[in-house]
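S.K.: Sequence:
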Amino acid sequence: MVAGLSSDDPETRTRATELVARAYRDPIIAVLRHRWSLDTSDAEDLAHDFLDHAFSKEWLQRFDASRGRFRTFLRACLAAYAGTVHEAAHRLKRGGGALHLPLDDADSLATTAPEVDAIFDREWVRSVLTLSLEAFRCECEDTQEGREQGRAVTYAVFLARDVDGADMEVPPSYSALAQRFDVPPTQVTNYLNWARRRFRVHVLETLRALTASDAEFRVEARALLGVETS
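Residue numbers for the sequence shown follow this note's numbering, so the first one is 2 and each next one is one higher.
By construction, these hints were calculated from the structure, which means they are not laboratory data.
Warning: the hint list may mix true and false statements.
What the hints assert, rightly or not - Pair by pair, the computed Cβ-Cβ distance ranges are:
1) Asp-50 / Leu-130: 25 to 33 Å
2) Asp-40 / Trp-195: 39 to 47 Å
3) Glu-116 / Ser-67: 26 to 34 Å
4) His-54 / Arg-198: 37 to 45 Å
5) Arg-198 / Ser-174: 17 to 25 Å
6) Asp-118 / His-54: 18 to 26 Å
7) Ala-216 / Leu-130: 30 to 38 Å
8) Arg-219 / Asp-9: 39 to 47 Å
9) Thr-187 / Arg-16: 16 to 24 Å
10) Ser-231 / Val-184: 29 to 37 Å
11) Asp-10 / Met-169: 39 to 47 Å
12) Pro-186 / Thr-41: 37 to 45 Å
13) His-54 / Phe-182: 42 to 50 Å
14) Gly-227 / Glu-12: 29 to 37 Å
This structure is a prediction, so every number in the text was calculated from the model and none was measured.
Just so you know, even glycine gets a beta-carbon here, dropped at the ideal spot from N, CA and C.
Given the sequences, and given the hints that come with them, work out the whole structure.
M.R.: Dropping the structure here:
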């Protein structure tokens with residue numbers, strides 16, 4: 002993704018830009034709502050403005066992987082940008098001129114409070130899992146030769162047990178899932194074993210796309226999945 006932002010190929014740049022927006026839009030909105038007490042619509046507007054600024058000014062392309070994680074850099078960029086906009090708005094209310102502070106020096110970026118960092122990180126994890134789940138759904142629903150419905154039932158069982166079921170006090174039992182999807186309980190076990198392996202692969206692929214170095218990828222995989230990767 003980071004390399005794609007600086008690619009000479011317009012399609013590659015577009016794909017990288019879209020991935021950044023999909024992965025970071027919700028974390029950005031969550032931080033804006035918490036840190037600056039914005040309502041949802043205002044936070045969405047400011048998130049759009051921030052991303053538009055970051056892409057048009059090629060700010061994110063300046064990220065240096067040797068200095069930390071990309072999401073830490075982006076979060077600091079957001080803090081500086083939103084802080085500048087917030088101060089400018091207050092100056093205008095007081096009758097002063099708009100504040101102009103070009104965000105061109107990564108060394109001068111604002112730091113954020115621990116609770117804001119925690120909110121951003123939590124929403125980033127949610128985005129990673131959402132992107133991974135969408136990729137997994139596409140894999141399962143693709144029609145395969147000799148399997149007219151692909152693995153749509155496998156995905157539905159996984160969704161019911163491990164995704165929707167995760168929010169329940171007691172997730173649905175294997176026997177309940179077997180009855181619901183009209184398959185033997187042993188098949189539910191097979192479905193879930195396969196789905197969990199494949200979903201983990203998609204999570205790792207998403208992390209690989211969103212990280213800027215092998216070292217960062219290994220750190221994120223260890224933090225999110227508790228696994229060591231090569």
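S.K.: Now look at each hint and say whether the structure bears it out.
M.R.: Hints and how they fare:
{"no.": "1", "hint": "Asp-50 / Leu-130: 25 to 33 Å", "in the structure": "27 Å, holds"}
{"no.": "2", "hint": "Asp-40 / Trp-195: 39 to 47 Å", "in the structure": "43 Å, holds"}
{"no.": "3", "hint": "Glu-116 / Ser-67: 26 to 34 Å", "in the structure": "28 Å, holds"}
{"no.": "4", "hint": "His-54 / Arg-198: 37 to 45 Å", "in the structure": "41 Å, holds"}
{"no.": "5", "hint": "Arg-198 / Ser-174: 17 to 25 Å", "in the structure": "21 Å, holds"}
{"no.": "6", "hint": "Asp-118 / His-54: 18 to 26 Å", "in the structure": "22 Å, holds"}
{"no.": "7", "hint": "Ala-216 / Leu-130: 30 to 38 Å", "in the structure": "22 Å, violated"}
{"no.": "8", "hint": "Arg-219 / Asp-9: 39 to 47 Å", "in the structure": "29 Å, violated"}
{"no.": "9", "hint": "Thr-187 / Arg-16: 16 to 24 Å", "in the structure": "41 Å, violated"}
{"no.": "10", "hint": "Ser-231 / Val-184: 29 to 37 Å", "in the structure": "36 Å, holds"}
{"no.": "11", "hint": "Asp-10 / Met-169: 39 to 47 Å", "in the structure": "45 Å, holds"}
{"no.": "12", "hint": "Pro-186 / Thr-41: 37 to 45 Å", "in the structure": "43 Å, holds"}
{"no.": "13", "hint": "His-54 / Phe-182: 42 to 50 Å", "in the structure": "48 Å, holds"}
{"no.": "14", "hint": "Gly-227 / Glu-12: 29 to 37 Å", "in the structure": "36 Å, holds"}
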